[in-house]
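Novice: Residue strings, one per chain:
2 protein chains.
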Amino acid sequence: MGRPFDKAQGTPFRFTLRATDGAARLGEFETPHGLVHTPAFMPVGTQGAVKATLHRDLIDSGAEIVLGNTYHLFLRPGDELIARRGGLHRFIGWNRPLLTDSGGFQVFSLAERRTITEEGAEFQSHLDGSRHQLTPERAVDIQARLGSDVAMVLDECLAYPATHEAAAESMQRSVRWASRCRARLERLRAEPPPGVTVSNAGQAQFGIVQGGVFADLRRESADATVAIGFEGYAIGGLSVGEPIDQMYAVVQETAARLPVAAPRYLMGAGTPEDLVECVARGIDMFDCVMPTRNARNGQLFTSQGRINIKNAAQAEDDRPVDPACGCYTCTHHSRAYLRHLYLAGEMTAGALNTLHNLTFYLDTMKRIREAIQLGTFERFRQEFLRLSGDSRTNS
Amino acid sequence: MGRPFDKAQGTPFRFTLRATDGAARLGEFETPHGLVHTPAFMPVGTQGAVKATLHRDLIDSGAEIVLGNTYHLFLRPGDELIARRGGLHRFIGWNRPLLTDSGGFQVFSLAERRTITEEGAEFQSHLDGSRHQLTPERAVDIQARLGSDVAMVLDECLAYPATHEAAAESMQRSVRWASRCRARLERLRAEPPPGVTVSNAGQAQFGIVQGGVFADLRRESADATVAIGFEGYAIGGLSVGEPIDQMYAVVQETAARLPVAAPRYLMGAGTPEDLVECVARGIDMFDCVMPTRNARNGQLFTSQGRINIKNAAQAEDDRPVDPACGCYTCTHHSRAYLRHLYLAGEMTAGALNTLHNLTFYLDTMKRIREAIQLGTFERFRQEFLRLSGDSRTNS
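Protein chains in written order, with the working numbering: chain A, 139 to 533; chain B, 139 to 533.
Worth flagging that the hints you see were computed from the coordinates, not collected in a lab. Warning: the hint list may mix true and false statements.
All copies of an identical chain are treated as equivalent in the list; a pair is satisfied when it fits inside any one copy or across any two copies.
In silico lysine to any residue, SDA-like type, Cα no more than 20 Å apart, as pairs [what the hints assert, rightly or not]:
| # | residue 1 | residue 2 |
| --- | --- | --- |
| 1 | LYS448 | ARG214 |
| 2 | LYS189 | GLY483 |
| 3 | LYS504 | PRO461 |
| 4 | LYS189 | GLY436 |
| 5 | LYS448 | ASP266 |
| 6 | LYS448 | LEU265 |
| 7 | LYS189 | ASN435 |
| 8 | LYS189 | ARG434 |
| 9 | LYS189 | ARG234 |
| 10 | LYS189 | THR409 |
Note that this is a predicted model, so its numbers are computed, not measured.
Chain A extracted, bound-state conformation (with noise of 0.2 Å):
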């Protein structure tokens, strides 16, 4: 690692790595609200609550850590109105360990509501039109105010395809963002400036490298930003159109460029089959809407492959979503309910359905923590592939 980690800054974060099978890692991380077993995925609670699931049905499923999005929780209820809750954990009533992005890949995604200079970004809030300046530093405060246990820099995220000039600039501008971040975080440890609350004095923070698809600025990415030194490391700039070997390329000379004593978190990634495929590249945490979205527009991921819910072959079909889980959707109710259920437009379609999404991603994750116990990861991935390649088309 760039820096060794300050204990005496105050945060009890610690990965500690258990096991490698391959290039797959087996570890877990400390935080303030607890253990983190890696490789994780963190279902996304955008506005403080994954949606449409109960936070008692995210810990039976498997979940130990979610995503909060910055740039919503900013804009409604307010960052300030969060702190003075006592942070996001007390406000949303999850005393299990967050992760805040740092809202900069939301503003710019506003496309014509934002401009971008080396300060920062100017944006029109998608809520009311209100304007508002998100730079490296208030992205920081912002998320010490919510308080959560792993808090991101501010990036600048690219557009896919990008020139290597455009990427180049963009990479540098990042890596100066991000040692403004730190600095701002090494502030806050040390002495919070007024009108900043630190609600979570334990808070870590996780660098991020950039670079597009090419392979030289990533290196120029991941070195500049180990030196500045954080607690962990996100590969961001991937999933965003281009394809997907040259997705898994990127992870896999990112990730082998990052320090083995730090997590590597690969953002908004993916399918299932993603997920494993990068943890066969190193990866050690992931976030995604998929299992969620995908949810509530009725496509279940199974281990034999996806279902579209909607579908006539459902309608008097008695099975469960995937007699392989153990998911309360599974066990207690049939894919025809649950085609009525959606085509009749209840909530509950909604509920049921993440319920078994974000189980199966949980499992899946669960299942490939036990392969690299077991020393039999690769053979697992050709299983796990095979088995949902074979009826990506099934129903």
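Mind docking chain B on chain A? Use the hints.
Specialist: Same frame as chain A, now just chain B:
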């Protein structure tokens, strides 16, 4: 009762009166899917699901019986599909008692899209405009396919206000329909004709007393309905806009005229105060969409009156909705968080609010039963109304 219950006909339905306190009654009834303690509140599961609620949450809230709407289930997914799945219990994965209405109330609500004759009602589906006929016999057959534990006769639901003449004609037609419904059920019990699947051989059937707000008509209807002979008796045609005192008066007089040895069900009521006031007048069963519908609109019932979760007063309120409530929502989340979820349009707002409101309703029924058992119902009633009335306008 008009006719003694004939066990040879196969239904294990049996009502036992355990205690009385004034006109209030403590009892229970046995169904093929278990026991229901009365006075009971039945959450409404219109389309085979109580909106925004998983079955396990119903069980946790103390629900012992759920109501399904025949009109909706007949149109989608269809009573024959449900019969092929083994009946409504198996189709929806709820193995506790179920009551179905006859479909009449929804059909009569279609206004321009239905015509009524002595034979029955013709109506157009609100979903696709398709034409259907609902006769007393069909209402029995459809409910036989659904296989609920308690089926309701088809009655004519008159709009309020109505003249004495219109109410009399309509009531007399309802009595003739009730007679046809009972004859049809007896035929199904003896030997179902081809094409009618009886999913639950132990299904009971309740008659419905009509007659608007006219005491003489209610008496005539009660006597005629009891003379036909059913396992239980409902009071229909109330909670349709008449003044509350008039509703209470009709309930009191009608309940007093019904057999002591059968359960009495007030259809479609009501507020928490209505439940207490109508138990005081001899009612044993209730159903109403109010706890679930109001929850989705942000109105929460508490032991100290109603709260509108949208209000600014809740924005920084860290208290639970009701400190006296032990539901998941109240033990895990603050008013501030629930307000945020509601304003952010999160589906979990509906789920958490519904869970609370149903718990409040079902807890109220439990407290009512305890008070009758202890012989303190009148004191309970006074205290309940004082607390809830004091703060109706609270927040």
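Novice: Does each hint fit the structure? Answer for all of them.
Specialist: Status of each hint after checking the structure:
1. In this assembly of identical chains, the alpha carbons of LYS448 and ARG214 lie at most 20 Å apart only when taken from different copies (14 Å versus 34 Å within one copy).
2. With identical chains, the CA atoms of LYS189 and GLY483 are at most 20 Å apart both within one copy (16 Å) and between copies (10 Å).
3. With identical chains, the CA atoms of LYS504 and PRO461 are at most 20 Å apart within one copy only, with a shortest distance of 18 Å there and 38 Å across copies.
4. Taking the shortest alpha-carbon separations for LYS189 and GLY436, both the intra-copy value of 14 Å and the inter-copy value of 18 Å come in at or below 20 Å.
5. In this assembly of identical chains, the alpha carbons of LYS448 and ASP266 lie at most 20 Å apart only when taken from different copies (18 Å versus 35 Å within one copy).
6. Taking the shortest alpha-carbon separations for LYS448 and LEU265, only the inter-copy value of 17 Å comes in at or below 20 Å, while the best intra-copy value is 32 Å.
7. For the homomeric pair LYS189 and ASN435, the shortest alpha-carbon distances inside one copy (12 Å) and between copies (18 Å) are both at most 20 Å.
8. In this assembly of identical chains, LYS189 and ARG434 lie within 20 Å of each other by CA distance both inside one copy and across copies; the values are 9 Å within and 16 Å between.
9. Taking the closest pair of Cα atoms, LYS189 and ARG234 come within 20 Å of each other only inside a single copy of the chain (18 Å); across copies the shortest separation is 29 Å, beyond that limit.
10. Taking the shortest Cα distances, LYS189 and THR409 sit within 20 Å of each other inside one copy (18 Å), while across copies they are farther apart (30 Å).
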